[in-house]
Amino acid sequence: AQKITQTQPGMFVQEKEAVTLDCTYDTSDPSYGLFWYKQPSSGEMIFLIYQGSYDQQNATEGRYSLNFQKARKSANLVISASQLGDSAMYFCAMREGRGAQKLVFGQGTRLTINP
Amino acid sequence: GAVVSQHPSRVICKSGTSVKIECRSLDFQATTMFWYRQFPKQSLMLMATSNEGSKATYEQGVEKDKFLINHASLTLSTLTVTSAHPEDSSFYICSAFPGLGDKETQYFGPGTRLLVL
Numbered sequence: 001a002q003k004i005t006q007t008q009p010g011m012f013v014q015e016k017e018a019v020t021l022d023c024t025y026d027t028s029d030p031s032y033g034l035f036w037y038k039q040p041s042s043g044e045m046i047f048l049i050y051q052g053s054y055d056q057q058n059a060t061e062g063r064y065s066l067n068f069q070k071a072r073k074s075a076n077l078v079i080s081a082s083q084l085g086d087s088a089m090y091f092c093a094m095r096e097g098r099g100a101q102k103l104v105f106g107q108g109t110r111l112t113i114n115p
Numbered sequence: 001g002a003v004v005s006q007h008p009s010r011v012i013c014k015s016g017t018s019v020k021i022e023c024r025s026l027d028f029q030a031t032t033m034f035w036y037r038q039f040p041k042q043s044l045m046l047m048a049t050s051n052e053g054s055k056a057t058y059e060q061g062v063e064k065d066k067f068l069i070n071h072a073s074l075t076l077s078t079l080t081v082t083s084a085h086p087e088d089s090s091f092y093i094c095s096a097f098p099g100l101g102d103k104e105t106q107y108f109g110p111g112t113r114l115l116v117l
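So the protein lines, in turn, are chains X and P. At the far end of the first sequence sits residue 115, using the numbering used here, and the numbering has no gaps. At the far end of the second sequence sits residue 117, using the numbering used here, and the numbering has no gaps.
Just chain X, same shape as in the assembly:
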C-alpha cells in the first residue's frame, strides 16, 4: 500500500489565487512527521513546511499552511496568493518515528501558475 498519496498529477492556478495540494498518508506509528518540499526545474528540494503528529495546531510558514486532519490522515498544503515563482513540483513526504528516519515521498504534483 502507498504510504503517501498525492492524487493530483497537475494543477493549474491563476496568479494571486490560493491553491490546495492534496496529500493523504498511511501509517500505524503514532509518532510521525509530515513534510512538504518544492522542487523547481533546477532539481533542488526546498523544504517548505513541517507538521508533527502530536502538534495541536496546523503549521504555517508565511504563505504556506498545512491543513492537518489527523483522523482523515490528510496533510494538504495551502499556498495563499500564488505567485509565478510558485510553479514547480511539490512533494509530500512522511517520516515514521522520530530522529534520523528516512522520508517516504508521494508521487508529486506539478503546479503551474498562470499570469
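There's no promise every hint is true.
Some chain P residues near chain X, calculated using beta-carbon distances under 7 Å [stated by the list, open to error]:
no.: 1; residue: Ser43
no.: 2; residue: Glu104
no.: 3; residue: Thr105
no.: 4; residue: Phe108
no.: 5; residue: Pro110
no.: 6; residue: Gly111
Please keep in mind that the hints were generated in silico from the structure rather than gathered at the bench. Beta carbons: idealized from backbone N, C-alpha and C, even for Gly.
With chain X held as given, fit chain P onto it using these hints.
Using the frame of chain X, we list chain P on its own:
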C-alpha cells in the same frame, strides 16, 4: 543555516567507469545522511542511509556493491557508482539530518545529474 552541498552538479561518463559524488553539510554536523535517486518525472526513492563511522543501510533492491557509500566524517558522505551503465543515468540527491529539533527535517543538497553514455 542548514546548507548541504553536492559535487559534481553534473557528470557525463562512459559506460564502465566509476563516478564519485560528494555530499557535504556545510554548517552543521550530520551523523546520518541519506541518498536518493530520482528518475525523470518520478518521485524520489531512497537508496541508502549513510551513518558516520558505520556501514550504510541499503534499501531493498539497491546493489550495495554497485553503489558504494562512505560516511567518513560528520560532514561528508560519498556515493560511488561503480562500473556505471546507461540505466544508472539519473538524478542523485543527498540529504543530511542535523539532529533532533522542533522540525527534525532533512536538508537536501542540490543534486547531481549523472548521464552514462
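Status of each hint after checking the structure:
1. Because the beta carbon of Ser43 of chain P sits about 5 Å from the nearest beta carbon in chain X, less than 7 Å, this interface hint is met.
2. The beta carbon of Glu104 of chain P comes within 6 Å of a beta carbon in chain X, closer than 7 Å, and the hint placing it at the interface holds.
3. Annotation: Thr105 of chain P was flagged as interfacial toward chain X, and the flag holds, the nearest CB pair being 6 Å apart, inside 7 Å.
4. This hint holds: Phe108 of chain P has a C-beta 4 Å from the nearest C-beta of chain X, less than the 7 Å allowed.
5. Checking Pro110 of chain P against chain X: minimum C-beta separation of about 5 Å stays under 7 Å; hint holds.
6. Given hint, Gly111 of chain P at the interface with chain X, holds; its Cβ is 4 Å from that chain's nearest Cβ, closer than 7 Å.
When held up to the earlier numbered hints, the structure conflicts with none and fits them all.
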